[in-house]
Structures are given as C-alpha cells and as structure tokens.
Amino acid sequence: MSKRGYIIGIVIIVVTFGFLVMKGLDKSMMSYVEVSQIVSNPDVAERGGVLQVSGIVQPGSVKTYGGGNLEFTIQDMKNSSLTLPVVYQGIIPDNFKPGLQVVVQGRYSPQTGKITGQKILVKCPSKYEADPEKN
Amino acid sequence: MIEFGEISLSLALVLSLYAVVTSFISLRNSTFEFWWSAKRAVISNFLLLSVSIGILAYSLAIKNYSLKYVAEHVSNGLPTFYAISALWAGQSGSLLLWAWLLSLFTLVVLWQNRNFQFRLIPHVITTLSAILFFFLILLVFITNPFERMAFAVTEGQGLNPLLQNPGMMFHPPTLYLGYVGFSVPFAFAIAALLNRKLDSEWIVLTRRWTLFAWLFLSIGILLGAKWAYVELGWGGYWGWDPVENASLMPWLTGTAFLHSVMIQERRGMLKIWNVSLIVITFLLTIFGTFVTRSGIISSVHSFGASSLGYVFLAFLVLLITVSVYLIFTRREELRSDYHFDSYLSRESSFLFNNLILVGSAFAILWGTLFPVISEAVRGVKITVGPPFFNSVNVPIGIVLILLTGVGPLIAWRKASTHNLVRNFLYPGIGFFLALIILWFIGIRDLYPLLSFSLISFVLTGIVMEFYRGVRARKRVEQNIFRAFINLILKHRRRYGGYIVHIGVMLIFIGITGSSAFKAEVEKTLRNGETINLKNYQLTFLGVDYYKTANAEVLNASFRVKKDNKDLGVITPAKEYHPLQDQTMTEVAILSDYREDLYLILGGVDDDAVYVKAHINPLVAWIWWGGYVLIIGTLIAMWPSKKREATQSPVPKKTFNLKKTATPIGA
Numbered sequence: 001m002s003k004r005g006y007i008i009g010i011v012i013i014v015v016t017f018g019f020l021v022m023k024g025l026d027k028s029m030m031s032y033v034e035v036s037q038i039v040s041n042p043d044v045a046e047r048g049g050v051l052q053v054s055g056i057v058q059p060g061s062v063k064t065y066g067g068g069n070l071e072f073t074i075q076d077m078k079n080s081s082l083t084l085p086v087v088y089q090g091i092i093p094d095n096f097k098p099g100l101q102v103v104v105q106g107r108y109s110p111q112t113g114k115i116t117g118q119k120i121l122v123k124c125p126s127k128y129e130a131d132p133e134k135n
Numbered sequence: 136m137i138e139f140g141e142i143s144l145s146l147a148l149v150l151s152l153y154a155v156v157t158s159f160i161s162l163r164n165s166t167f168e169f170w171w172s173a174k175r176a177v178i179s180n181f182l183l184l185s186v187s188i189g190i191l192a193y194s195l196a197i198k199n200y201s202l203k204y205v206a207e208h209v210s211n212g213l214p215t216f217y218a219i220s221a222l223w224a225g226q227s228g229s230l231l232l233w234a235w236l237l238s239l240f241t242l243v244v245l246w247q248n249r250n251f252q253f254r255l256i257p258h259v260i261t262t263l264s265a266i267l268f269f270f271l272i273l274l275v276f277i278t279n280p281f282e283r284m285a286f287a288v289t290e291g292q293g294l295n296p297l298l299q300n301p302g303m304m305f306h307p308p309t310l311y312l313g314y315v316g317f318s319v320p321f322a323f324a325i326a327a328l329l330n331r332k333l334d335s336e337w338i339v340l341t342r343r344w345t346l347f348a349w350l351f352l353s354i355g356i357l358l359g360a361k362w363a364y365v366e367l368g369w370g371g372y373w374g375w376d377p378v379e380n381a382s383l384m385p386w387l388t389g390t391a392f393l394h395s396v397m398i399q400e401r402r403g404m405l406k407i408w409n410v411s412l413i414v415i416t417f418l419l420t421i422f423g424t425f426v427t428r429s430g431i432i433s434s435v436h437s438f439g440a441s442s443l444g445y446v447f448l449a450f451l452v453l454l455i456t457v458s459v460y461l462i463f464t465r466r467e468e469l470r471s472d473y474h475f476d477s478y479l480s481r482e483s484s485f486l487f488n489n490l491i492l493v494g495s496a497f498a499i500l501w502g503t504l505f506p507v508i509s510e511a512v513r514g515v516k517i518t519v520g521p522p523f524f525n526s527v528n529v530p531i532g533i534v535l536i537l538l539t540g541v542g543p544l545i546a547w548r549k550a551s552t553h554n555l556v557r558n559f560l561y562p563g564i565g566f567f568l569a570l571i572i573l574w575f576i577g578i579r580d581l582y583p584l585l586s587f588s589l590i591s592f593v594l595t596g597i598v599m600e601f602y603r604g605v606r607a608r609k610r611v612e613q614n615i616f617r618a619f620i621n622l623i624l625k626h627r628r629r630y631g632g633y634i635v636h637i638g639v640m641l642i643f644i645g646i647t648g649s650s651a652f653k654a655e656v657e658k659t660l661r662n663g664e665t666i667n668l669k670n671y672q673l674t675f676l677g678v679d680y681y682k683t684a685n686a687e688v689l690n691a692s693f694r695v696k697k698d699n700k701d702l703g704v705i706t707p708a709k710e711y712h713p714l715q716d717q718t719m720t721e722v723a724i725l726s727d728y729r730e731d732l733y734l735i736l737g738g739v740d741d742d743a744v745y746v747k748a749h750i751n752p753l754v755a756w757i758w759w760g761g762y763v764l765i766i767g768t769l770i771a772m773w774p775s776k777k778r779e780a781t782q783s784p785v786p787k788k789t790f791n792l793k794k795t796a797t798p799i800g801a
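Protein chains in written order, with this note's numbering: chain Y, 1 to 135; chain H, 136 to 801.
None of these hints come from the bench; they were simulated from the model.
Keep in mind that a hint or two might mislead.
[Unchecked claim] Pairs of lysine to any residue, SDA-like flavour, derived with a Cα cap of 25 Å:
#1 Y:Lys-97 x H:Gly-520
#2 Y:Lys-97 x H:Ala-743
#3 Y:Lys-63 x H:Gly-677
#4 H:Lys-516 x Y:Met-22
#5 Y:Lys-23 x H:Arg-579
#6 H:Lys-516 x Y:Gln-118
#7 Y:Lys-23 x H:Leu-535
#8 Y:Lys-97 x H:Glu-657
#9 Y:Lys-27 x H:Pro-530
#10 Y:Lys-63 x H:Leu-367
#11 H:Lys-669 x H:Tyr-582
#12 Y:Lys-3 x H:Trp-547
#13 H:Lys-516 x Y:Gly-49
#14 Y:Lys-63 x Y:Ser-80
#15 Y:Lys-27 x H:Gly-371
#16 Y:Lys-23 x H:Ser-650
#17 Y:Lys-78 x H:Ile-517
#18 H:Lys-549 x Y:Ile-10
#19 H:Lys-658 x Y:Phe-96
#20 Y:Lys-23 x Y:Val-50
#21 Y:Lys-23 x H:Glu-510
#22 Y:Lys-23 x H:Ile-517
#23 Y:Lys-119 x H:Ile-517
#24 Y:Lys-23 x H:Ser-509
#25 Y:Lys-23 x H:Arg-513
#26 H:Lys-682 x Y:Asp-94
#27 Y:Lys-27 x H:Leu-535
#28 Y:Lys-27 x H:Val-507
#29 H:Lys-658 x Y:Arg-107
#30 Y:Lys-119 x H:Lys-361
#31 Y:Lys-23 x H:Ala-651
#32 Y:Lys-97 x H:Asp-376
[Unchecked claim] Simulated coverage check for chain H against chain Y, where a stretch passes if three residues somewhere in it have a Cβ under 8 Å from a Cβ of chain Y:
#33 499-512
#34 732-743
We put the CB at the ideal spot given by N, CA and C, even for glycine.
Taking the hints into account, I'd like the entire structure generated from these sequences.
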C-alpha cells in the first residue's frame, strides 16, 4: 500500500474540486455595480449580461400595475441625481419600500436606458435589527 | 436591578481571565490551590452570567423600556412568550446567550471530570474560559445589553414579525447550542496539544459532546430551512445565503470529524487530521458568528454593521495562529500508529468521505468569501449566486451518498473479495433495481437518477445490516420485535448511526425531488378564474380583509383540486404590521408525502390578484428525515454502562494531579 497512491487520489479529488469550483464560478458570477457606474459607463453593463445594481428606491417613483408589474426609479447611493428606471414583473419582496436600499438583479439595455429586473433583493440593513442610525 | 446585571457581567469578565490564568498554572505547576480557585471562578461565572441573562429576560418580560435592548426589541402588544425570545433577536442579547451557554457547558465539563477523568482538564478549562473571556469583552465594551435609554419611552419598537413564529423562536438557540457545543471538543483538543498527549483519550471523552453539538447544529439548520420555507415565502428552503452557508460549513466539517475519529479510536490513524478538523470546525462556528455580525458579507441575516467585526476578525486570527503553531510543533507526536493497508478498506472510504465533506465546506467558504476577496484584490464587486453552490455541491452530494453506503459495510484494513460480495451484493441489486424502475417511470436526468438509485443502495445496505443483526439476535430472544429493540439497545452507537444515515437519506430524497422536479407558475387572476399547474387546479374565490390586534390582514381564497378531486380551500395572505411598518406574506402550503402545493400571494389590484404557485415534490421527506436523524443521534449518544466494542481499548485511567489533588469535589 503506497503512500503515493493516496497522494495521487487526493490530488485527483482536489483537481476535480478546483474544476467544479472554477466552472461554477464562471456560470454564476455577476457584476455588482452602483447606479453611478452604469450612468457614467453604460459598457459596464453590456459585457456580463445579468448584473446586480445597487441603489435606493427613489421616493415617489414606485408604480404598480396588475399582473405583478412594477416600475420604479433607482438612484445612486451617494449622488441622488443619478438615476435609472427599472421595470420588473414578479413577486415584490415584503420589505420593498421607497427610500430603502435595494439590489436589482437583471439586464441593462443601453438602448432603452432601462433595467429589466429578474429579481429584487431588499437590503434592509437587517432583518433582525433596526438600522442603528434610524434610532 | 439592572445594575446587578451589568455588574455581574463585568465581574464575569474579570473572573474568566482569572480562570484562564489559574487553571493554566495549576496544571503546569501541579498546584492544587490554583486549581481549587479556578474551579470556584468557573462556578461563579456561571452564576454571574445566569444573573445577567435572568435580569435581561425579566426586563424583556416586564417590558422595562429603560433598557435600550428592551425598547428596541419588544412592544406592549407582544405576548410574554415572544418577548422573552427577543433575548436572542438582537445582537447583544444573542451574544449574552452565547456566553451563558458557554459558562454552563464549562461547568458541566468540570462536573463530568470532577475526579480527573481527563487528567488535562485544567487546560480544557483554560481554553473554554479564554473563549468566554473574548465574548465577555464584546459584551462589556462593545455591545452591552444593559445600555440605558437616554430618554423615557412608553412603547418599544417591537419584535420583527418574521421572528414571531414558533419555529423561528427556537432556530437561533438550537444553532447556538450546536455552535457553543463544538467549543468543548475543541478545548479538549487544545489541552491535548498543549500537553503533547495525543492519543485518542480526548476524542473518546468528547464523543458525546461532539454528537450533542452536531445534533443541535443539524436541528438548527433544519429549523432554519423550515422557517425560510414557511415564513419567507419565496418557495424554497435553502438559498445559499452567506449565513446559511456559515451554519452548514461547521456541520460538514463536524460530520467529517464524527467519522474520522472512529478511525483514530480504532486504528490510531489520522491524528493530525482529527485535531485539524475540530480546530477548523470550531473556527467555522466563530466565523459563522462573525459573518452574522460584521456586515462584511451582505445577507438577509446580518445584524447592523458594527465595529464588532474587527474584534471577531482579531479573535479568529489569534485562534488560527495558536492552533497552527500547536499543531505544527506537535507534528511528530501526531504521527499515525499504523498505515493504510488497502484502498478497499473502511479507513480509505472514511478518508474519502472526509475529503469530500471538507472539500465541500471549502468550496462553500470560497463561494461565500469570493465577493469579498474579489473586491479586495481586484477592486471589482461581484456576487456569487446559488448556481455556483448547486453546481459544486450536487456532484459532491452524490459521491457522498455513495460513500454513506460503502463506509459502514466495507471491512477494516483490507476488504476481501468475500467481504465485498457478501456485503455489497444486495445493496448493488438495490441500486440497479431502483435505476431500472426510475428509468421506466420516465426519469432520464442523470443527477436524480444517480441520487435516487444510490439512496436505494444505501438503504438496502442498512436494511440488510438490521436484518442480519436481528437474525443473529433471534437465537437468544423470544421474538423478532424484542430482538430488534435489543439489537439497537446493545449496540447503540452502531445502529444509532445507521438510523442517522436513514434520516440523512430521507433528507437527500427530499432535496433531490424538490430541486429536480419542481414546477412553478405566476399569473394574474380575477374572481372565478383558474390556474393549472401539473395535475392541480386552483380557482380564485375572492379576497377578505380584516384586522387583528397587531396586523391588517388581506386573505385570498383558492379552491384546490387535484386530479379533479376537491382538496378544500387555501388562503395565502398579506399581513401589514403598522408598528414595524412591515408587510409580510403568509404563504399557503398543502403538503403530503408526494409534494407540496405552495401558493404565494404577490399582490392585490382592484379585483385581481397576482399569485405564484409552486409544486415542490417530496419536500416533506426533508422534515421527516430530520426527525429520524434526531432519534438516531439520541440513540447513538445515549450513555451505556458497558463500553462498546467499537470504542478503542483506551485504558481507563484516573489520573491525579498530585496527592493533594485527590479530595477535590466540584
């Protein structure tokens, strides 16, 4: 029973893992950008396809239609004058509210200048605890 | 009264450091006086922290809003039951619970070793007290649960409605029991390393602690999954959220540890691996706590970002440094007593099972940390989604199922052809039979085919083992039932383990079914309209609106028919909680052993509703598997008077420090 056999076995396992990890990462990596990055450089969006855009739901911009349709404007976290319109169809998260930070996962089209959302993640500072600054 | 809580906490901080120093010196110099004093410190710590946590719980129960923690987590309308559970709803409360549990476990360890069953017990206490000291630093200096309100209030902010759910109530404390539980075997390992006493004694003495921690971690994870499924309303039970990952990683390495220690007990091998595994598992529990509290990784679970993260990071670095140093300097003593004889042996199959489990944990760690690393190294923010974790872990899971079947059946040292034929013939038949049946009922996808067939392989093997055991016992028992019961009772560890395996296989059946064969549909419906999903028909009957004490509720009613058979009315709802200004979706679930119908109310618009319906096949099997797993683990843990054959022939010695140390009672 050679030690070498085990080392080869372990190497094979590690390589397989490495391969799975790399392949998996390729498939599921998404760029995570701020609104300002898209506004200043729309090419950011074109390369990767689906991306995640972080920003704040602009107060007063939320419109809902029947059929789970939602339209709102997302503004940059730092510079509220930079905005992008978002269209979305689907279940609206419970804690989705104007003024809160959200991450919209979807595609950005430089032609229409809109983000077509596939998923909205509400980044409530916490589900367990209120935002310390608000208190 | 609140002052008492605060003072107790500060006293415990000082005493835990005192216990670290005295217990450490006592073993080094074999001084009885120091040990006597260290023990008193451990007992006092438990009492002091009990006072602290008691006062906080009482303040929550009577809603004493002069405490900031109380004002932030309960409200007047909240039932006492939930008010007390707010103890672990917030950061400082949950850390206090953690510290209290640790002080309790330390006391129990001390009591279990009151006659020096483990000669190195003082250094176990040193390690545990050091961990406690760290948590108390956090509690006293950074996030004090007894912080007062600057101004008086008459109404609190209330408990997050998502947490007002019985399953959720017990999810955090069960996880903590698991997390904190792992610090005991870790402390034994550190004591063994410090004193270069690296035989299997520390493993044998902590076996039950490891199982205890593993059991509660398992329950905690399952409760979390169940809660996410029932309460969060996105249709699934596992989202590969960083915090879910943080609880799964120590579970995976802990599972690896539970298996690899058997190799050390039996064959004196894998010592360095076992020590490393328990260190890694413990580090991952601390990492898990860190992830939830640092805010470095965005997650649905994270507490508000705070400076706590840096302290945790420093603690982690310190732990890693000490552990690596200890293992590295003791590597000679950690050499194996024997070597592997054959690839076809139980040792090998356990080693591979270990590599797979640890590999899976590291893949998950990598995926969880990748966004942080990418940002730090390349300055590019990216996220890693569920597809990554699934594509890595599904193949791993399938290999793991295979190894679950092989491990218990293959012979130690070197499997003979006879052993292979005798033990793998029937499971092999079970595998192919399942494969053929699944093929004929139309399942063609590789992963579910393999997964289900391998589960059949594992279960056939276990049934075969039970059958053989019962048959052998029947010669001395009157009937089969008694033979069966006594078989389990006489070999708790072995058959308890098999039952845990059955539970895990049931869980895998549920995971495979619900991920491979799910179906969903989203639609807008008007009164009387119907959606069809597979063989289900859902007819929208209308909306009701009413108020309860805490919420405004919007109910939508649906008549459910399956294969044209009426299954009654289900009502998914939206609840609005004005106090927290939060809307909650209450999903409706119709569950049986074949599948769950899962209906989410998306929104209401005039006379129309927007709904999303899921069919999640076999989900109920996951929860049943959980119950079986609990029963199996309890059987395996149950103390037996007779030492079992599977345990190593470690001589049962009672060491005394010195003559003076003999009359110590705890």
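Here is what the structure says about each hint:
no.: 1; hint: Y:Lys-97 x H:Gly-520; verdict: 24 Å, holds
no.: 2; hint: Y:Lys-97 x H:Ala-743; verdict: 22 Å, holds
no.: 3; hint: Y:Lys-63 x H:Gly-677; verdict: 24 Å, holds
no.: 4; hint: H:Lys-516 x Y:Met-22; verdict: 18 Å, holds
no.: 5; hint: Y:Lys-23 x H:Arg-579; verdict: 24 Å, holds
no.: 6; hint: H:Lys-516 x Y:Gln-118; verdict: 19 Å, holds
no.: 7; hint: Y:Lys-23 x H:Leu-535; verdict: 20 Å, holds
no.: 8; hint: Y:Lys-97 x H:Glu-657; verdict: 22 Å, holds
no.: 9; hint: Y:Lys-27 x H:Pro-530; verdict: 16 Å, holds
no.: 10; hint: Y:Lys-63 x H:Leu-367; verdict: 24 Å, holds
no.: 11; hint: H:Lys-669 x H:Tyr-582; verdict: 22 Å, holds
no.: 12; hint: Y:Lys-3 x H:Trp-547; verdict: 18 Å, holds
no.: 13; hint: H:Lys-516 x Y:Gly-49; verdict: 15 Å, holds
no.: 14; hint: Y:Lys-63 x Y:Ser-80; verdict: 19 Å, holds
no.: 15; hint: Y:Lys-27 x H:Gly-371; verdict: 21 Å, holds
no.: 16; hint: Y:Lys-23 x H:Ser-650; verdict: 20 Å, holds
no.: 17; hint: Y:Lys-78 x H:Ile-517; verdict: 19 Å, holds
no.: 18; hint: H:Lys-549 x Y:Ile-10; verdict: 19 Å, holds
no.: 19; hint: H:Lys-658 x Y:Phe-96; verdict: 20 Å, holds
no.: 20; hint: Y:Lys-23 x Y:Val-50; verdict: 17 Å, holds
no.: 21; hint: Y:Lys-23 x H:Glu-510; verdict: 20 Å, holds
no.: 22; hint: Y:Lys-23 x H:Ile-517; verdict: 16 Å, holds
no.: 23; hint: Y:Lys-119 x H:Ile-517; verdict: 16 Å, holds
no.: 24; hint: Y:Lys-23 x H:Ser-509; verdict: 17 Å, holds
no.: 25; hint: Y:Lys-23 x H:Arg-513; verdict: 20 Å, holds
no.: 26; hint: H:Lys-682 x Y:Asp-94; verdict: 18 Å, holds
no.: 27; hint: Y:Lys-27 x H:Leu-535; verdict: 23 Å, holds
no.: 28; hint: Y:Lys-27 x H:Val-507; verdict: 18 Å, holds
no.: 29; hint: H:Lys-658 x Y:Arg-107; verdict: 22 Å, holds
no.: 30; hint: Y:Lys-119 x H:Lys-361; verdict: 22 Å, holds
no.: 31; hint: Y:Lys-23 x H:Ala-651; verdict: 20 Å, holds
no.: 32; hint: Y:Lys-97 x H:Asp-376; verdict: 22 Å, holds
no.: 33; hint: 499-512; verdict: holds (count 4)
no.: 34; hint: 732-743; verdict: holds (count 6)
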